[in-house]
Amino acid sequence: MLDLILSIYEIPVINILVKIVAILVPLLLTVAYFTYIERKVIGYMQVRIGPNRVGPRGWLQPIADAMKLMFKEIIFPSGANRVLFIIAPTIAISTALAAWAVVPFGAEMVLADINVALLYILAMTSIGVYGVILAGWSSNSKYAIMSTLRTAAQVVSYEIAMGFALVGVVMAARSLNIGDIVQGQSGSGILGWYMWPLLPLFVIYFVSGVAETNRAPFDVAEGESEIVAGFHVEYSGILFAIFFLAEYANMILISVMAALLFMGGWLSPFADVSFLGLGSSFLAGSSIIWLISKTVIFMFLFLWFRATFPRYRYDQIMRLGWKVFIPITIVWIYVVGIMYYAELAPWFIKG
Amino acid sequence: METILFYFFSAFMVLSALMVITVHNPVRAAFFLVLTFFASAVVWLLLEAEFLAVILIIVYVGAVMVLFLFVVMMLDINITELKAGFVKNLPLAIAVALVMFGTIYYVVGGDQFGIEHFATPDRHAADYSNIAELGKLLYTEYVFAFEIAAVILLVGIVAAISLTLRRRPNTRHQKIEDQIAVKSEDRLRVVEVAPHARKGER
Numbered sequence: 310m311l312d313l314i315l316s317i318y319e320i321p322v323i324n325i326l327v328k329i330v331a332i333l334v335p336l337l338l339t340v341a342y343f344t345y346i347e348r349k350v351i352g353y354m355q356v357r358i359g360p361n362r363v364g365p366r367g368w369l370q371p372i373a374d375a376m377k378l379m380f381k382e383i384i385f386p387s388g389a390n391r392v393l394f395i396i397a398p399t400i401a402i403s404t405a406l407a408a409w410a411v412v413p414f415g416a417e418m419v420l421a422d423i424n425v426a427l428l429y430i431l432a433m434t435s436i437g438v439y440g441v442i443l444a445g446w447s448s449n450s451k452y453a454i455m456s457t458l459r460t461a462a463q464v465v466s467y468e469i470a471m472g473f474a475l476v477g478v479v480m481a482a483r484s485l486n487i488g489d490i491v492q493g494q495s496g497s498g499i500l501g502w503y504m505w506p507l508l509p510l511f512v513i514y515f516v517s518g519v520a521e522t523n524r525a526p527f528d529v530a531e532g533e534s535e536i537v538a539g540f541h542v543e544y545s546g547i548l549f550a551i552f553f554l555a556e557y558a559n560m561i562l563i564s565v566m567a568a569l570l571f572m573g574g575w576l577s578p579f580a581d582v583s584f585l586g587l588g589s590s591f592l593a594g595s596s597i598i599w600l601i602s603k604t605v606i607f608m609f610l611f612l613w614f615r616a617t618f619p620r621y622r623y624d625q626i627m628r629l630g631w632k633v634f635i636p637i638t639i640v641w642i643y644v645v646g647i648m649y650y651a652e653l654a655p656w657f658i659k660g
Numbered sequence: 005m006e007t008i009l010f011y012f013f014s015a016f017m018v019l020s021a022l023m024v025i026t027v028h029n030p031v032r033a034a035f036f037l038v039l040t041f042f043a044s045a046v047v048w049l050l051l052e053a054e055f056l057a058v059i060l061i062i063v064y065v066g067a068v069m070v071l072f073l074f075v076v077m078m079l080d081i082n083i084t085e086l087k088a089g090f091v092k093n094l095p096l097a098i099a100v101a102l103v104m105f106g107t108i109y110y111v112v113g114g115d116q117f118g119i120e121h122f123a124t125p126d127r128h129a130a131d132y133s134n135i136a137e138l139g140k141l142l143y144t145e146y147v148f149a150f151e152i153a154a155v156i157l158l159v160g161i162v163a164a165i166s167l168t169l170r171r172r173p174n175t176r177h178q179k180i181e182d183q184i185a186v187k188s189e190d191r192l193r194v195v196e197v198a199p200h201a202r203k204g205e206r
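Residue numbers (this note's numbering), protein chains in the order written: chain A, 310 to 660; chain B, 5 to 206.
To be clear, the hints were calculated from the coordinates, so they are not data collected in a lab. For each residue, glycine too, the CB sits at the ideal point set by N, CA and C.
Quick list of the computed label-pair ranges, beta carbon to beta carbon:
1) 127/B with 319/A: 22 to 28 Å
2) 380/A with 190/B: 51 to 57 Å
3) 451/A with 122/B: 53 to 59 Å
4) 653/A with 52/B: 31 to 37 Å
5) 47/B with 613/A: 41 to 47 Å
Looking from chain A toward chain B, a few residues come up when the C-beta cut is under 7 Å (computed):
6) 424
7) 425
8) 428
9) 429
10) 431
11) 432
12) 435
13) 438
14) 442
15) 461
16) 465
17) 628
Next comes chain A alone, as it looks inside the complex:
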C-alpha cells in the first residue's frame, strides 16, 4: 500500500500538485487566522477585546466570516463590465498565490528552484496591479476609479525603490536564486545576515513592501474617510473576500521575503556562534521554524504599523518614494559596490 502511494507520488504532475497543496493550504489557513490576529492585536493595542463571540475566545471568527461572505449575494453595479468585474479578483488572487511557487522554505524545500526567482516575484507583484486597475475600471464607479489611480501610482513608484533595494541583495549574494541568497548569509550566525551591511536597503524594502500592499500608513487606496473603501467598494460576497485574501497573502509574502533576503531565512541566529556554547547546541540547526518565527516578526510589524501610525497624505507618500527612498537606495548600491571590492567580512568574501 505504501509502495503504491509512493509510486503515485513519483508521477511528476501528482508530485507538483501535492507540493502546491502543501504550500497553499497552510498559507490560506495563515491568511484566515492572520485576519483574526490582526483584529485581536489591534484590539488590545487600542484597549479593546476584539472578536470574542464565535467559538472560545473568538477562534472561529475567520471561519464564520468566510461562511458569511460565501453565502452573500454578488452584486454587479449597473453599467459594470461583468467579465472584467469577475476577472479582476481572479488576477489579484492568482498572482498573489503564484508568487509563492518560488519561495523556499528550507534548503531543499522549494517548489520551483529557478534562477530568476527574485525577478519572478517582482513580475508577479507587478501583474497584481492589474487586479486593482481592472476592479476599479470595471466597477463603473467614481470612488473605485479614484482609488485605482492612487493605488497604481503608488505601487509603480514604490516598485522602483523595492527593486533597487533588491539590487543590493543580489550584488551581495551574486545570485537571483533565493536559496543561494540565503546560503550566502550562512557562516557567522546572526552577524552573517544581510540586514547589517544592507541596513538602509532592508528598511526601505520593508517600508516599500508595506506601501506595495497598500497597508496602513500607506493605505490611501482605501482611505475610508475620503473614498469609502477604495477599488473594491463595489465588490460584495466572495469576490470581496478574494481581494481580502490576496491582500493578506501579499503581506505574508513581503514578510517571508524580508526574512529570507535580509534575515537569513531558515538559518539559525546562533549557528557558528561560540558564545555560551550556543553554536553547538540544538538551537544552531537551520530549520523552517526559524523562517516562520522571523516571518511572524514582520507580520506583526504590519499590524503594529496599522495600530500606530496615522495615514500619510498622498503627496507625502509620493515624496517619500521618489525623493527619499530612491536616492538612498542608489547611494547605498555604490556603498555595496565598495564593500564588495573591499571584500568586507563576513558578508562579501568571495567563495
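Based on the hints, put chain B in the right spot on chain A.
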C-alpha cells in the same frame, strides 16, 4: 507538450494583437496589449530566454502599460469622431501599410531569417543560467553599446522632466520640508496660569 504550448501561446498572442486594433474601447485595447505582452513572454520562456521574459513582464506589463492605462482612462476619447475620416483616408492608409509590410518583410523575411539559414540551436542543460550569460556579454563585449544606451535613456528622462517642469511662483503650494521640520514648540504655547478663586465664590 512544448509544441502545443508554443502554438497555443503564439495563437493567443496573434489573436490578442488583432483585438488590440479591432476593439472599439481604447481601455480594452490596452488590456489586450497587456495580454499580447504576456503571451510573448511565455513564448520567450519556451525559447529558454527566461530573463528576457521576466523583464518583459516587469517593464512592459508592470510599468509601461500601467502608465498607458492611466492616460487612456483619463482621456475621454470619442470613438465616432476618430472614425470620421476613415473612408477618406483609407487608400492612403492601405498604401502606407503595404509599404511598411514590404519593408519589414524585406528586412526580417524568409530570405534573411529563414529556417534554412540557421542550424537548430542546442538545448541547454537545466543548470544553464541565462542571466549569467547575458551579464557576461553585456559587460564585456557590448559594454560600450550598453553604456551608451544607458546615457541615452538618462538624456530622455532629463528631457522629459525639463519639458514638463513648469515653475509657477504665483501658486500656493505646500513645502513638505517645512511641514516636517515643524516642532510642537512652534505651534503650541503652554501658558502658566496661577490658580486663583473668582470673586464672589465661597
